[in-house]
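Engineer: Residue numbers (the UniProt record's numbering), protein chains in the order written: chain A, 1 to 160; chain B, 1 to 563.
I should point out that these hints are in silico values taken from the structure, not numbers from a laboratory. Beta carbons are placed, not taken as given, at the ideal position from N, Cα and C, and that holds for glycine.
Covered by chain B, according to a simulated footprint, are these stretches of chain A (three or more residues, beta-carbon under 8 Å):
1) 95 to 102
2) 121 to 132
Residues from chain B shown here face chain A by an in silico Cβ test under 10 Å; the list is partial:
3) G222
4) I327
5) D474
Below 30 Å or equal to it, Euclidean Cα-Cα: the simulated DSS-like pairs (lysine-lysine) are:
6) A:K129 to B:K261
7) B:K452 to B:K346
8) B:K250 to B:K276
9) B:K193 to A:K24
10) A:K129 to B:K50
11) B:K426 to B:K477
12) A:K59 to B:K477
13) B:K400 to B:K457
14) B:K250 to B:K261
15) B:K50 to A:K132
16) A:K73 to B:K50
17) B:K400 to B:K383
18) A:K71 to A:K59
19) B:K79 to B:K206
20) B:K308 to B:K235
21) B:K50 to A:K71
22) B:K477 to A:K132
23) B:K50 to A:K70
24) B:K457 to B:K483
25) B:K235 to B:K106
26) B:K235 to B:K491
27) B:K250 to B:K483
28) B:K261 to A:K24
29) A:K24 to A:K59
30) B:K283 to B:K491
31) B:K318 to A:K59
32) A:K59 to B:K50
33) A:K129 to B:K477
34) B:K261 to A:K59
35) B:K318 to A:K129
36) B:K235 to B:K276
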Amino acid sequence: MLLLFHFYGIPQEKDQNLIETTCKNTPNYQLCISTLRAHPGSINTDIEGLGLIMVYAVKAKAIETSNAIKKLKGSQPELRNALNDCSGRYNAILEADVPEAVEALIKGDPKFAEDGMADASLEAVSCEKSFKQVISPLTVLNNAVRDLSDVARAIIRNLL
Amino acid sequence: MAPIKKSLQLLNPYRQAARTPPPSRGVSQGVSEKTFRLAGGENVSYSWTKSMLSWQRTSYHFQPDHNWMNDPNGPLYYKEWYHFFYQYNPDSAVWGNISWGHAVSKDLIHWFYLPFAMVPDHWYDISGVWTGSATFLPDGQIVMIYTGDTVDIVQFWFPHPGIGIKDFRDPTTAWLSPDGDKWRFAIGSKVNKTGISLVYETVDFKSYDMLDGYLHEVPGTGMWECVDFYPVSTKEVNGLDTSVNGPGIKHVLKASLDDDKNDYYALGTYDQFENKWVPDDPKLDVGIGLRYDYGRYYASKTFYDQNKQRRILWGWVKETDSEYDDILKGWASVQSIPRTVVFDRKTGSNLLQWPVIEVEELRSKSVEFDNVKLGPGSIAPLKVGSPSQLDIVASFEIDKDAFEGTVGANASYSCPTSGGAANRGKLGPFGIIVLADETLSEGTPIYFYVAKGANGKAETHFCADESRSSEAPDVSKVVYGSKVPVIDGEKYSVRSLVDHSIVESFAQGGRRVITSRIYPTNAINGAARVFLFNNATGVSVTASVKIWNMGSADIRQFPFNQS
Numbered sequence: 001m002l003l004l005f006h007f008y009g010i011p012q013e014k015d016q017n018l019i020e021t022t023c024k025n026t027p028n029y030q031l032c033i034s035t036l037r038a039h040p041g042s043i044n045t046d047i048e049g050l051g052l053i054m055v056y057a058v059k060a061k062a063i064e065t066s067n068a069i070k071k072l073k074g075s076q077p078e079l080r081n082a083l084n085d086c087s088g089r090y091n092a093i094l095e096a097d098v099p100e101a102v103e104a105l106i107k108g109d110p111k112f113a114e115d116g117m118a119d120a121s122l123e124a125v126s127c128e129k130s131f132k133q134v135i136s137p138l139t140v141l142n143n144a145v146r147d148l149s150d151v152a153r154a155i156i157r158n159l160l
Numbered sequence: 001m002a003p004i005k006k007s008l009q010l011l012n013p014y015r016q017a018a019r020t021p022p023p024s025r026g027v028s029q030g031v032s033e034k035t036f037r038l039a040g041g042e043n044v045s046y047s048w049t050k051s052m053l054s055w056q057r058t059s060y061h062f063q064p065d066h067n068w069m070n071d072p073n074g075p076l077y078y079k080e081w082y083h084f085f086y087q088y089n090p091d092s093a094v095w096g097n098i099s100w101g102h103a104v105s106k107d108l109i110h111w112f113y114l115p116f117a118m119v120p121d122h123w124y125d126i127s128g129v130w131t132g133s134a135t136f137l138p139d140g141q142i143v144m145i146y147t148g149d150t151v152d153i154v155q156f157w158f159p160h161p162g163i164g165i166k167d168f169r170d171p172t173t174a175w176l177s178p179d180g181d182k183w184r185f186a187i188g189s190k191v192n193k194t195g196i197s198l199v200y201e202t203v204d205f206k207s208y209d210m211l212d213g214y215l216h217e218v219p220g221t222g223m224w225e226c227v228d229f230y231p232v233s234t235k236e237v238n239g240l241d242t243s244v245n246g247p248g249i250k251h252v253l254k255a256s257l258d259d260d261k262n263d264y265y266a267l268g269t270y271d272q273f274e275n276k277w278v279p280d281d282p283k284l285d286v287g288i289g290l291r292y293d294y295g296r297y298y299a300s301k302t303f304y305d306q307n308k309q310r311r312i313l314w315g316w317v318k319e320t321d322s323e324y325d326d327i328l329k330g331w332a333s334v335q336s337i338p339r340t341v342v343f344d345r346k347t348g349s350n351l352l353q354w355p356v357i358e359v360e361e362l363r364s365k366s367v368e369f370d371n372v373k374l375g376p377g378s379i380a381p382l383k384v385g386s387p388s389q390l391d392i393v394a395s396f397e398i399d400k401d402a403f404e405g406t407v408g409a410n411a412s413y414s415c416p417t418s419g420g421a422a423n424r425g426k427l428g429p430f431g432i433i434v435l436a437d438e439t440l441s442e443g444t445p446i447y448f449y450v451a452k453g454a455n456g457k458a459e460t461h462f463c464a465d466e467s468r469s470s471e472a473p474d475v476s477k478v479v480y481g482s483k484v485p486v487i488d489g490e491k492y493s494v495r496s497l498v499d500h501s502i503v504e505s506f507a508q509g510g511r512r513v514i515t516s517r518i519y520p521t522n523a524i525n526g527a528a529r530v531f532l533f534n535n536a537t538g539v540s541v542t543a544s545v546k547i548w549n550m551g552s553a554d555i556r557q558f559p560f561n562q563s
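Isolated chain B, as found in the complex (with noise of 0.2 Å):
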């Protein structure tokens, strides 16, 4: 098992003895009225059954035993296992009492739980252990850098003027400067609504100095959490080392916006010397632009795999139903499929994310269906075993004269706001409905809307509709989103992980990936269903889908008596 060198923490948002009257915020900033958990409109409170509760547990997603989690913290690969750790409350389903889980595994889908990595134990963490970052140092020592929380009234290091003084936390992977002498490392901050990234250089992870001005800063985008950083190449598949620069690099910056809970990311250039990161387009910049994931998705954290030499992304992917369900099923939150993250070099201007080739270990029998037609209107029911566990890999192509001579207009479409698959347009929407019953009470499409503007250039949207997931009315009811880039000649592709109570779905080999989280009373163990469909008015679609059942990654207790 690996030694980690628990060496430090720094960073310690001390909370002052005195309270003192907040700075001036100006005018105070509307208070927004979106809810991120909708209630149904039904008029029926939902009593939940054992049964309906105990399958909403996932058999092949990474979640501890009982309790909550939340972000996942210093992932790594060190002699030949790869270590997890994460936000982990011993005693109850709800947010509190942090400490740090660990897990291994040999494979990053079969993990093994290991006894508490850290519990606050020392005075500067003693109100909990928050979100850090590993850097292994060229001697093979790991070091763990983490935010951790204390109620002393000491102070002895203030952040920056103008920080407040809980705005600050989730350090990041370090990578080395320009001299090489030096490592330096992100943390996330805010000053009034401009969210910013300040970074900090050590030699020794005993004193760090602040490094003058920010590494970038966008304003509006509030308060940025789990940073992240580290280079992407733009020629090749293989994942970097995050202290890798040079020609052929991008780096991207990654924040996770407390404000509304989604996790951003830009792909830009990093100075070394002036220490600075500009973006390749300012209209996609971090907070405004492009998200990992358009569903529930928070606190992301990426390493260097050097095992398999790839860039690996963990996500936390939190429950959408109330924490009275959380406490009665006695569990709260699950770890996404860790994904690889590579540029996308056909479209020059996002990642691409795919579920770790790992997980494909799960698939056990499948069943092909190829050249489905549909037309306008129509709807095909799959027969599949085991429909709570499946990897659906689905393709759709439209019927050519039907889509050339459709007539576009200037409607827009977006996701959120598009009332899910039973708004029909001319060309969509059309894909795949999972975790259905037999009746379509209930169902959630995982489709693809294409609108045509007026000028004949076809915009692809690609979106999860919860609208109709449940009859239970204490659970989020959205339609996910956003446009997705499709090339001239590539025919609208979709990967869905389902695994009980969540939905892993990725568009255009990862171009855009949306996480859902259902909790069906109907369509559950046997009588859940998988359906083709096409809710378009003007043309027929044509299918193809492979459907593979999956096992369960089996995470337990690591066996110590048996090595």
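The shape of chain A in the complex, shown without the other chains (with noise of 0.2 Å):
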């Protein structure tokens, strides 16, 4: 992290500015900023740019919510229902939303990536939400899930 740092040396002021300005209008500024700021590429690139960014973060909070349902599933076979159910939910975050979004995104249609980043939320709340009267065990990652989705949509909302 510290070598790409100096390899990109001093961020650009106004760079700087852009991911300040649109992490402002998020509802997490924290989140937002040490996501987008933990990845290189944010320096140097657009609103567009800094949505897919996120976009990805979500992917990869997604993939590991998906391989720690994976192992409950071996683990605490009790809560079967509830696992399967979020399963499903997670499927439709990397097969459908993720996807969606990033097309989206690239392609220009910004609307569509909205609505991925919007439903990936109501996913991530679906399953936490599927452990009815137990202590569900990926309250941790689905909130990530959840908050990562709904700053997602606020960066692209800004592309509307």
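Using the supplied hints, reconstruct the complex from the two chains, each of which is provided in its own coordinate frame.
Structural biologist: Structure (structure tokens):
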């Protein structure tokens, strides 16, 4: 991380401002800033690029959650019903929502990217809610996916 | 079959090779917190069964066999067939990999699927074949102009300074210039947050000149997608060819707003010499005034049906459930039933939309209930067969003396913030409840709410209430609607086309329309019911209603082997 920072040098004042202004218009400024700044490409890109970076962050967290679900199916079989629902939800995020958002951002019809991220947030919340009478083992991950999707959606709205 | 001449595509939003910083937008617009898909309040996640999901598929609305559909494209009538094209994803139930699907019909209701009309196969549309329109040339040829998307670096034509390269799509049907020697068409765009319509001129559909200035612009409305521009007669009931102009004619300018996902239209006058359109009422300008539909309805497009001399409107109705549900059921989106569009001569300030008369071919047996008196806070079940496929026509009268006697107040009403049919006023709500189950654990009220102001003037609202439409939490639960003009002496009238998960409701002969997507868990198949209701506190209401069962449109592949 430090190496990359040196490679790119001190960020331009103007580009830093874009990240800051964009993040101020999202529901989670800190998460937005830290996620974008962690990606070296964020310095040199436009709002569309920032949106894409955030969508990829959603994807990464969704993959992490999907892997956790698989592990839990083995270690906590009594949660099978909820875990199966969650598998379906995260499948929707990874097979539909994320690809839709990526394609829409690259091709320039951002409203479909907004749809994808709005839905990803809903799916994460739905997964969390499927643990009805027990404590969800996925709360931290579901909330992360939800929060990242909400930030992505807010960034994308600037393009409409 | 029509030999459609796919002769051009222009207007390609090229993606720039190098990412440059975006132009300054000044103070960023605040991000809208509104969600267009609300989750229900309960803390349970829903497990859809196969029967609930398969019930959702419509019976007489156009939808492909499976997968995703969006904008209607290039509708037209040619050699005894109505043609319909649509944005389609051949691979999945969400948007992507867009191609043009194609279907034909003799009557706008019974459709046959044909092979794809256009797939991304030229360098200029390799990333997607987007929305476009058809124009008939005098020699009988048809020209389709559409937006193609490409990832190529080469950029040979820059739309307009200040316009983002991607903010540029959906050409309209063309109309003739004043000298009759050139064709003009409109394209929507934006400059910062001002929605605009550009106009291009061409002689041969091979090269294009952008005309100076804009056809029209409205600040604060954002990107104008799917612009539509057409004449309506203020005197006759028939539709008009897109090139017609002259006295007794107004022009409708319409845009789909990217920002709020609704279709707005305005009536005005087109000066073809200056190439400028001005609204009749600037307070009801494009994007800030009337909508074709106050529910889920977007990317609509009209065409002139020269067969029956009608102006016909198509509109895309997407799902309001989650994409997870769409993937499970394998499809997403339907088209509304095509609607005729005419100028409302009684109000002079809006259009009337009505389902094409051909939909009545699907009516089979009917039941009628006349002069049903509903006291304040009452509900009446109506016995109908197959309550998922209905054509309901209902009219209501408020008890006159009670109405006069009601004291007005200054409280204002708005369907979206009203809390729906459960919130009672002196003079409303009253109407019908569709897709309900016996215990009303689920139900969708379509209703009128009359608000009497302190000055004694009554204002009528027409709403569709989804707040209790389903026990599932992951579907939209909003209340749609708006004010509707009611002329003295008119009864409150509504027509509702119920077709499984879509309900299209028309008030006062089509002065206001609301399209709802409904996903019940109980109120499906034989368990669904229809009710009349009056939840007003201060008046009785007399209702008359006729309900027809609707058959299936039997939409399927074109029977090539049998011609």
